[in-house]
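Student: Chains B and C: place on chain A using the hints.
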Amino acid sequence: MPDDFGEGFAGGIAAGGDALVVDVDGFEGPLDLLLTLARSQKVDLRRVSILGLAERYLAFVSEARRLRIELAADYLVMAAWLAFLKSRLLLPPDPAAPGPSAQDLADHLAFQLERLEGMRRVAARLMGRDQLGRDIFARGLTEPVIERRRVIPDATLVDLLRAYARVKTREDYAPLHVRREPVYTMEQALARLRGMLGMAVDWRVLEAFLPEGWALDPRARRSATAATFAAMLELVKAGVAELRQDGVFAPLMLRARAVGPHLPHG
Amino acid sequence: MGEAARTLFDAPPAAEQERMVEAILFATAQPLALCAIADRLPQGCDPAAAIAALRRRYAGRGVEVVERDGAFAFRTAPDLGFLMAREAVEPRKLSRAAVETLAIIAYHQPATRAEIEEIRGVGVSRGTLDLLMELGWIGLGRRRLSPGRPVTFVTTPAFLDHFGLETARDLPGLRELREAGLLEARGAPDTLPRMDPDEDPDGGDQDALF
Amino acid sequence: MGEAARTLFDAPPAAEQERMVEAILFATAQPLALCAIADRLPQGCDPAAAIAALRRRYAGRGVEVVERDGAFAFRTAPDLGFLMAREAVEPRKLSRAAVETLAIIAYHQPATRAEIEEIRGVGVSRGTLDLLMELGWIGLGRRRLSPGRPVTFVTTPAFLDHFGLETARDLPGLRELREAGLLEARGAPDTLPRMDPDEDPDGGDQDALF
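Protein chains in written order, with the working numbering: chain A, 1 to 266; chain B, 1 to 210; chain C, 1 to 210.
Next comes chain A alone, as it looks inside the complex (with noise of 0.2 Å):
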C-alpha cells in the first residue's frame, strides 16, 4: 500500500463523536500515530498545538487502555513522554533550568512529525514516477558483448636476467642424460682401444689411450681411466692385446699382441 499514505490517510482512527476507535494495527510506531492526530486537526502542521497533540495522544492511550488493547512498549515510552512534555508546557518557563526548555521539546516533535511528513510526501511523489519495465522500457532484444580475452605476454628485465642465470645454473637439476655425459662407457673405450690398436706395437701407459678432452677434468679422466682399464682387459681375454704392469701402483702398459708364433712370457 505504498500510496497508503498522504492526503486522506485517515490511519486506523475514527473519531465518530466522543468514541475513539482503536486500531493500533494501523500504525507504523508512535511518530505515526502522533501524525495521523495532527493530521486529523486539520491545520498546518506548523502551527499544530503539540499540546493538544499531546492531549490527544493520551487520550488514545488511556482509551486502548480502557479497552484491554496491549500497546507496544515505544507507544508507552511515548505516551510517558508526552505527559512529561504536556506538565512542563502548563508550567511556566523556568529560564535558570537546565536542559532544553519544553518550547525547545515541542518544537523538536513539531520539527519530527514535519519531516516525517515530508519524506511521506516525496516517498509518494517517487513511487508516482515513471518506472523502468512498467512505463519505461530498456531495450529487450540485447546483444551479448563477446568478451575476448587478449593476453599479451609480458616480461621484466630482471625475469630476463632470472631466466638467463637460471639456465646457466641448471646443470644440479638437469635431466639425467646430461648428468651422465661425464661418463666414459666401456664400449666407448673398447671401440677407442680397437681403433688405435694397430699403431699400438709398442707399450705405451693407459693414460695415452685416453681420449682427449677427458684428461683434465678429474671426475671425466677417472671415468674414462676406469672405462679404458676394463677395456683393456676384454682385450688382452680376446687375446688381441698384452698388459704389463712394472710394480704394484706403477703405470699399465699395453701393446697389440704380436700375431703369428708367439714368444711365452718368461
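Rather than coming from a laboratory, the hints here were simulated on the basis of the structure. Using N, Cα and C, we set each Cβ at its ideal position, and we do this for glycine too. Hints are supplied without guarantee of correctness; some may be wrong.
Stated by the list, open to error - Using C-beta positions, here's what the derived DEER-type ranges look like:
#1 C/142 with A/183: 33 to 39 Å
#2 A/151 with B/34: 36 to 42 Å
#3 C/133 with A/219: 37 to 43 Å
#4 B/126 with C/89: 41 to 47 Å
#5 B/29 with C/59: 23 to 29 Å
#6 B/44 with C/60: 20 to 26 Å
#7 A/199 with C/125: 42 to 48 Å
#8 C/69 with B/55: 31 to 37 Å
#9 A/93 with B/91: 47 to 53 Å
#10 B/149 with A/55: 38 to 44 Å
#11 B/79 with A/70: 21 to 27 Å
Unchecked claim - If you want the footprint, here are the derived chain B segments under chain C, 3+ residues with CB under 8 Å:
#12 20 to 32
#13 63 to 76
Tutor: Chains B and C alone, transformed into the frame defined by chain A:
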C-alpha cells in the same frame, strides 16, 4: 604525444562515431558510462559528442537517449509506456515501511539505520533493508566515522535508472525539503524518546550528498 | 463496420504510429510479426506503413530494422558487429620456457635453435619461438654457414625498447648477475666437456657478441 597518437590512429568521422555509439547503446539494457563506451570505440573517438548528437537525433522519437548517473541508455519515451503493457512486469508491492525507508535513504544518503529509525520513529526490520538491497536500489556506503562506525546506506545507479532520475539531485521535492530545513541533521534534545538509544545517530556528515 | 470503427477511434497520425512501432520493436524481447505489432497498437493503425517508414529512417544508421521470417526487429548494422566484442587485454607473465629462450637469444645471438636447446638442456618448441617472434622481440638473423645452413635468431629493437636497453651489450654478464644475487653459485658446471660436440657446431663464436 596526444597529437601524435591522434594522427596515428585516424578516428572515424563524427557521423560514423554517432552510428557506433547508437549501435552500442541499442545493444544493451544497462546504462553505459562514457568511459565504457569509449572502451569499445576505436581509438580517438569522442563518445560525449556522439551522445550529444544522438540525444538531438532521438529527441521526440519513440525511444530516447537518457542519462542515468553519468551513464547513458536508450529508453522508450514515457508517453508510450501503455503500448508495452505486455512487457510490463508488475512491480513488487512494497510495504509502506519499505517505501519510506527507501525515500529516507534516497533523500538523506548516506543514512545509517539509526537515522532511518529516528526519522520514522520506529525500528527498521532487517527484512526491509534486505528487500531494498535485493531490488538493487540501495547499497552500502562508507561507514560513519562516529562511535561504533555504523554502516550507511546509499541509493544505487539502478535506483536512479528505475525511477528515471539523472542524478540523486533530481529526486522530486528535494529542493522543497531542503528549503523547509527538513533534511537538516537536527539532533534530538536529550530528553526526547529514542527508538534505539544504543545507536548514536550522529548526523555529522549526513547530508554530504546534497 | 470497419469504416465505423475507424471513424470511432481516430488512428494516431502516421508519424505517431512510427514512434509507437519504434518503441514496441525496441522494447520487445523477440522479433514481432506485423499482426503482433498491430495487436499492440491502437485501433486503426497501419503497422506496415510504420515499419516501412522506420526502415527508411534507420537505413544506414547504427541499428537497422531487419525482417526475419516475416518478423521485425532492430539489429546492429552488419558493419558494426565488431563493436559487440570487447577486448580485454590481460598481461600475463611470459612462460618460463619463453623467457629462458629469449634470454639465451639475447645473450648468445645470433643463436640457432640447436644452440638454444643445448644451452637450455631441453628442447625449444616451435610455439615458443613463434610467440617471441609475434611479440616482436626476436627476429631472424643470418643463416649459419654450417651444414644445413640453420636459421639464427636475434633480438630486435623492440626488444631493447621493451626491456629498456640501449644495446644488447648492456645486458649484465654472468659475473655481474652473480654479484647482483641473480645467479646462485652451484658448482662450476660449465667446465665439464660436452659429449656431443656435433650439437654445438659454432660453440667458438657463441659469445661473439659479448
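Student: Does each hint hold? Answer for all of them.
Tutor: Here is what the structure says about each hint:
Checked against the given bound of 33 to 39 Å, the beta carbons of residue 142 of chain C and residue 183 of chain A, roughly 37 Å apart, stay inside it. Here the CB-CB span from residue 151 of chain A to residue 34 of chain B is close to 27 Å, at odds with the stated 36 to 42 Å. Between residue 133 of chain C and residue 219 of chain A the Cβ separation comes to about 40 Å, which falls inside the hinted range of 37 to 43 Å. Between residue 126 of chain B and residue 89 of chain C the C-beta distance comes to about 43 Å, which sits within the given range of 41 to 47 Å.
Under the hint 23 to 29 Å, the C-beta atoms of residue 29 of chain B and residue 59 of chain C, about 25 Å apart, fit the expected range. Range check, residue 44 of chain B to residue 60 of chain C: Cβ separation about 22 Å, and the 20 to 26 Å hint holds. Roughly 47 Å separates the CB atoms of residue 199 of chain A and residue 125 of chain C, a value that falls within the hinted 42 to 48 Å. Remark: the range hint 31 to 37 Å for residue 69 of chain C to residue 55 of chain B is upheld by a beta-carbon distance near 34 Å.
Separated by about 51 Å at the C-beta atoms, residue 93 of chain A and residue 91 of chain B satisfy the suggested range of 47 to 53 Å. At roughly 42 Å, the beta carbons of residue 149 of chain B and residue 55 of chain A sit within the given window of 38 to 44 Å. Between residue 79 of chain B and residue 70 of chain A the Cβ separation comes to about 51 Å, which falls outside the hinted range of 21 to 27 Å. For the stretch 20 to 32 of chain B, the stated coverage by chain C is satisfied: 7 residues place a CB nearer than 8 Å to a CB of that chain, which reaches the threshold of 3.
For a cut-off of 8 Å, the count of residues in the stretch 63 to 76 of chain B with a CB near a CB of chain C stands at 3, and the three-residue condition holds.
In terms of the numbered hints stated before, the structure departs from hints 2, 11, listed from lowest to highest.
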